[in-house]
Amino acid sequence: MAEVMRMQNITKIYPNGFVANKDITFAVGEHEIHALVGENGAGKTTLMKILFGMEAPQEGKIFINGKEEKIANPLDAIAKGVGMVHQHFMLVPSLTVAENVTLGAEPMKNGLFDFDGAVKATQEIADKYNFNVEALQKVRDLSVGQMQKVEILKALYKGARLLILDEPTAVLTPQETEELFEQLFKLRDSGVSIIFISHKLEEVMRICSKVTVLRHGRCMGSLDIEGLNEAAISKLMVGRDVVLKIDKEDPKPGKPVVEIKDLVKINSIGKNVLDGVDFTIHEGEVVGIAGVEGNGQTELSEVLAGLTGFTSGDVKLNGTSIKGKSVREIRDQGMAYIAEDRMVEGVAGDMSIKMNIVADRFTKPDFKKGLFMDAKKINDIADQYIKDFEILCDGREQPVRMLSGGNIQKVVVAREFTSGANFILACQPTRGIDVGTAEMIRKTIVRKSREEGTATLLISADLNEVLECSDRLLVMRKGKVVAAFPKANQVSEETLGEYMLGVKEMTQSEMEGLL
Amino acid sequence: MTIDWIAFIAEGIRMATPLVFAALAALICNRAGMFNMGVEGMILCSALGAVIFAHYGGSVWIGLLGGIIIGLATGMFIAFASLTGKADLYLTCIAFNLMATGGTVFVMYLLTGEKSTTSGAFRSYQIPVVDIPIIKDIPVLGRIISGQSLITYIAAAAVFFMWFFLKRTRIGLRIRAVGENPKAAESVGISVNKIGYISFAICGVLAGLSGAFMSMSWVTFFMKNMVNGRGYIGLSAQNMAKGEPVGSALASLLFGFTDALATTLQNQTNFPVEFLEMLPYLATIFAIIITSIIAINKRRRIEQGAAK
Ligand SMILES: Nc1ncnc2c1ncn2[C@@H]1O[C@H](COP(=O)(O)OP(=O)(O)O)[C@@H](O)[C@H]1O
Ligand SMILES: [Mg+2]
Chain S
31 MAEVMRMQNI TKIYPNGFVA NKDITFAVGE HEIHALVGEN GAGKTTLMKI LFGMEAPQEG
91 KIFINGKEEK IANPLDAIAK GVGMVHQHFM LVPSLTVAEN VTLGAEPMKN GLFDFDGAVK
151 ATQEIADKYN FNVEALQKVR DLSVGQMQKV EILKALYKGA RLLILDEPTA VLTPQETEEL
211 FEQLFKLRDS GVSIIFISHK LEEVMRICSK VTVLRHGRCM GSLDIEGLNE AAISKLMVGR
271 DVVLKIDKED PKPGKPVVEI KDLVKINSIG KNVLDGVDFT IHEGEVVGIA GVEGNGQTEL
331 SEVLAGLTGF TSGDVKLNGT SIKGKSVREI RDQGMAYIAE DRMVEGVAGD MSIKMNIVAD
391 RFTKPDFKKG LFMDAKKIND IADQYIKDFE ILCDGREQPV RMLSGGNIQK VVVAREFTSG
451 ANFILACQPT RGIDVGTAEM IRKTIVRKSR EEGTATLLIS ADLNEVLECS DRLLVMRKGK
511 VVAAFPKANQ VSEETLGEYM LGVKEMTQSE MEGLL
Chain V
20 MTIDWIAFIA EGIRMATPLV FAALAALICN RAGMFNMGVE GMILCSALGA VIFAHYGGSV
80 WIGLLGGIII GLATGMFIAF ASLTGKADLY LTCIAFNLMA TGGTVFVMYL LTGEKSTTSG
140 AFRSYQIPVV DIPIIKDIPV LGRIISGQSL ITYIAAAAVF FMWFFLKRTR IGLRIRAVGE
200 NPKAAESVGI SVNKIGYISF AICGVLAGLS GAFMSMSWVT FFMKNMVNGR GYIGLSAQNM
260 AKGEPVGSAL ASLLFGFTDA LATTLQNQTN FPVEFLEMLP YLATIFAIII TSIIAINKRR
320 RIEQGAAK
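Which chain is which? The protein sequence lines are S and V, in order.
Residues are numbered in our numbering as their position in the first sequence, beginning at 1, plus a constant of 30.
Residues are numbered in our numbering as their position in the second sequence, beginning at 1, plus a constant of 19.
One chain only, chain S, in its complex shape:
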């Protein structure tokens, strides 16, 4: 089978020094639906952006139909027959389907935009592949599934022979997914090669003939789907490169601190992002949550932190429900929160280290002197924490934005670990920071639970972290808890991978007593 595209020894290092792709070789054949799988952050989107000319690699070559090509921007890629449907749609809602499809390469007649020609061309392609969209409809009136079809039409109208679909089924209902698959088969049969990115192994098994697995920016191999099973793929996808060990004594769980009861959250498009989550966190224990990102972990943390409300169920913190409470009120009830995105929710980047450290407490009587803030006390505390947490900076007045990622995170944890809360909600606490700081944060989480009896919920995509720091471990998938283990450090990566990717699921009775 002839190769239509080959990426050879691709290495991509982002300007911040992060190696997103390391020496990846990836080829797609004619009449092929080729799956590209890997956990979140494995480098799939980066690799595809390189192929589509949106990112430039440091090393490596790209061949299209056997010929080496330089792809400097998306227009180049389109000219070479590569089309990409992004994870986030790029559409203009008030324009019609036909106008969206032809935008940038509009048909012209007598010097004017040939609207009728655009409608005709669009409808022809749509009908050819059974896409259920009307060229004359406005995009804002379409369902998400139809919008995706418009994105595919855009690529096909511009002559794509290789179609990249970045997590196309993430936004679709099961029926829409079915429909999409039929159309992808049709496209494949008419000679379009497809790169299909997904976490959902059952989909990959169903529609793809080959699979390439990425893990931590490296290629773990390209295999024929035939003769492969989901467990084998999940083993390649999920794993630790270096096993990290944290020494800790067994926990001595005390009274319940956080009680989550049948928590349901329906989002703005009507999807159950949390679908009956039910578990308890006790004094003195670290509960870990593992899972492929986008399975409700972010929503769970937002609900617990009070950033968003929930549809039904209840959450009790230290015996009192948090329903309808503001973030401040929940914090006063005993919560500390290390947010997933430190620049958005963790710190105010333009403000000083000192102000960020006291952001949660400057209104308290302790930090006031009459009507004003107690400057001396605030300065002393800031200096103290800069020392204790070894924050590398020019002084307490330096804007947080100027620090490195690791030091910004130290400012966040300096505040959250010292707030006096007995519940710490830690979301991706060590994402993208240096090893030293990561180790300090992990050790502090464990130490606080042992010495101060803090209850901790650790949500992390880093397997090392959840497996080593947690006492109990839960796995989330599709807004539900699908597995629970009493001792996190005795769970193997393979087992964890199978639950994360839906190869297996525990029944309610198997998880009895572990929630």
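Everything labelled a hint here was simulated from the structure, so no lab data went into it.
By construction, the Cβ of each residue, glycine as well, lies at the ideal position given by its N, Cα and C atoms.
It is possible that part of the hints are untrue.
Claimed, not checked - Straight-line alpha carbon distances no greater than 27 Å define the calculated BS3-like cross-link-like pairs of lysine-lysine that follow:
no.: 1; chain 1: S; residue 1: 478; chain 2: S; residue 2: 282
no.: 2; chain 1: S; residue 1: 265; chain 2: S; residue 2: 510
no.: 3; chain 1: S; residue 1: 168; chain 2: V; residue 2: 317
no.: 4; chain 1: S; residue 1: 158; chain 2: S; residue 2: 285
no.: 5; chain 1: V; residue 1: 317; chain 2: S; residue 2: 139
no.: 6; chain 1: S; residue 1: 301; chain 2: S; residue 2: 230
no.: 7; chain 1: V; residue 1: 213; chain 2: S; residue 2: 100
no.: 8; chain 1: S; residue 1: 168; chain 2: V; residue 2: 202
no.: 9; chain 1: S; residue 1: 139; chain 2: V; residue 2: 213
no.: 10; chain 1: V; residue 1: 202; chain 2: S; residue 2: 188
no.: 11; chain 1: V; residue 1: 317; chain 2: S; residue 2: 188
no.: 12; chain 1: S; residue 1: 275; chain 2: S; residue 2: 91
no.: 13; chain 1: S; residue 1: 240; chain 2: S; residue 2: 100
no.: 14; chain 1: V; residue 1: 243; chain 2: S; residue 2: 150
no.: 15; chain 1: V; residue 1: 317; chain 2: S; residue 2: 301
no.: 16; chain 1: S; residue 1: 168; chain 2: V; residue 2: 155
no.: 17; chain 1: V; residue 1: 261; chain 2: S; residue 2: 168
no.: 18; chain 1: V; residue 1: 317; chain 2: S; residue 2: 100
no.: 19; chain 1: V; residue 1: 202; chain 2: S; residue 2: 150
no.: 20; chain 1: S; residue 1: 188; chain 2: V; residue 2: 213
no.: 21; chain 1: S; residue 1: 275; chain 2: S; residue 2: 291
no.: 22; chain 1: V; residue 1: 105; chain 2: S; residue 2: 168
What the hints assert, rightly or not - Among the chain V residues that face chain S by a calculated CB cut under 8 Å, a handful are:
no.: 23; residue: 203
no.: 24; residue: 210
no.: 25; residue: 211
Using the hints provided, position chain V with the ligands relative to the given structure of chain S.
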């Protein structure tokens, strides 16, 4: 007290002319995703530009051209600051408008030695009034439709052209796409900056026509701060019509009538002048409040419907 209603309607159309241009000028930028408050200052500069060109060129047509050139130049200035220089558009526009207020007086003083008006020093030029054959003899209609300034007819044509331009030309389509989702436009190879410059150029020409009307038709000289908020009124007119050319023109017409009402009552009755001068602006505020209430109610209905 009797009011000449026919004269009043004709006056309303006349007063609407600079507002229609202002609205279209703001509209084209708005459709490209830029809220251009600078139209106010652009019109003021063009109004002065028109009388200067007319005076030194010795012709009303050179004056008209001058107004357009100054409109274009000021538009490019704002575009350069915000698109190439990446300055904040709002701040740029506010600074530009302040500069225009002072700058026009300064230039006027340099050229004429006067600080409030050019009427003594510069010859006045008026853009011709057009009598339309046949129509001018129709009783009521003739007095309203015929006998307006040439620029008023250009304004009517401009509304149609704007509609056609946005709907039927490739640039128009691209302007709409960029205004709504610049990332999407960029991803298919459309240069967002280029579209921005084109929009500002069109905006400049329209602001130029508006300014030329002010100083060569509404009156025949330039005076200090003569635009007096008409650029802002145009801005809100197109905002009320959600960037639709015909709707924007109708809204401008409405404001034109309140303006005319103020003048008519002022001339023909003894209403307090200060109150009358407030009318157009009061009408603007009410119009904005009413349209936004309508929009909010509509959204609320949709949300309630979706919740069911
Ligand atoms: N512009 C960027 N600068 C720095 N790091 C980035 C950038 N874009 C992505 N990354 C990082 O590169 C890694 C791979 O990202 P991505 O290719 O999007 O993964 P995937 O699509 O497999 O989930 C992630 O850890 C991400 O944080
Ligand atoms: Mg991705």
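Verification of the supplied hints:
{"no.": "1", "hint": "S:478 / S:282", "in the structure": "13 Å, holds"}
{"no.": "2", "hint": "S:265 / S:510", "in the structure": "22 Å, holds"}
{"no.": "3", "hint": "S:168 / V:317", "in the structure": "19 Å, holds"}
{"no.": "4", "hint": "S:158 / S:285", "in the structure": "63 Å, violated"}
{"no.": "5", "hint": "V:317 / S:139", "in the structure": "39 Å, violated"}
{"no.": "6", "hint": "S:301 / S:230", "in the structure": "18 Å, holds"}
{"no.": "7", "hint": "V:213 / S:100", "in the structure": "26 Å, holds"}
{"no.": "8", "hint": "S:168 / V:202", "in the structure": "19 Å, holds"}
{"no.": "9", "hint": "S:139 / V:213", "in the structure": "23 Å, holds"}
{"no.": "10", "hint": "V:202 / S:188", "in the structure": "18 Å, holds"}
{"no.": "11", "hint": "V:317 / S:188", "in the structure": "38 Å, violated"}
{"no.": "12", "hint": "S:275 / S:91", "in the structure": "39 Å, violated"}
{"no.": "13", "hint": "S:240 / S:100", "in the structure": "26 Å, holds"}
{"no.": "14", "hint": "V:243 / S:150", "in the structure": "56 Å, violated"}
{"no.": "15", "hint": "V:317 / S:301", "in the structure": "25 Å, holds"}
{"no.": "16", "hint": "S:168 / V:155", "in the structure": "45 Å, violated"}
{"no.": "17", "hint": "V:261 / S:168", "in the structure": "17 Å, holds"}
{"no.": "18", "hint": "V:317 / S:100", "in the structure": "51 Å, violated"}
{"no.": "19", "hint": "V:202 / S:150", "in the structure": "26 Å, holds"}
{"no.": "20", "hint": "S:188 / V:213", "in the structure": "22 Å, holds"}
{"no.": "21", "hint": "S:275 / S:291", "in the structure": "33 Å, violated"}
{"no.": "22", "hint": "V:105 / S:168", "in the structure": "32 Å, violated"}
{"no.": "23", "hint": "203", "in the structure": "4 Å, holds"}
{"no.": "24", "hint": "210", "in the structure": "11 Å, violated"}
{"no.": "25", "hint": "211", "in the structure": "12 Å, violated"}
In this structure, the hints that do not hold are numbers 4, 5, 11, 12, 14, 16, 18, 21, 22, 24 and 25, in rising order.
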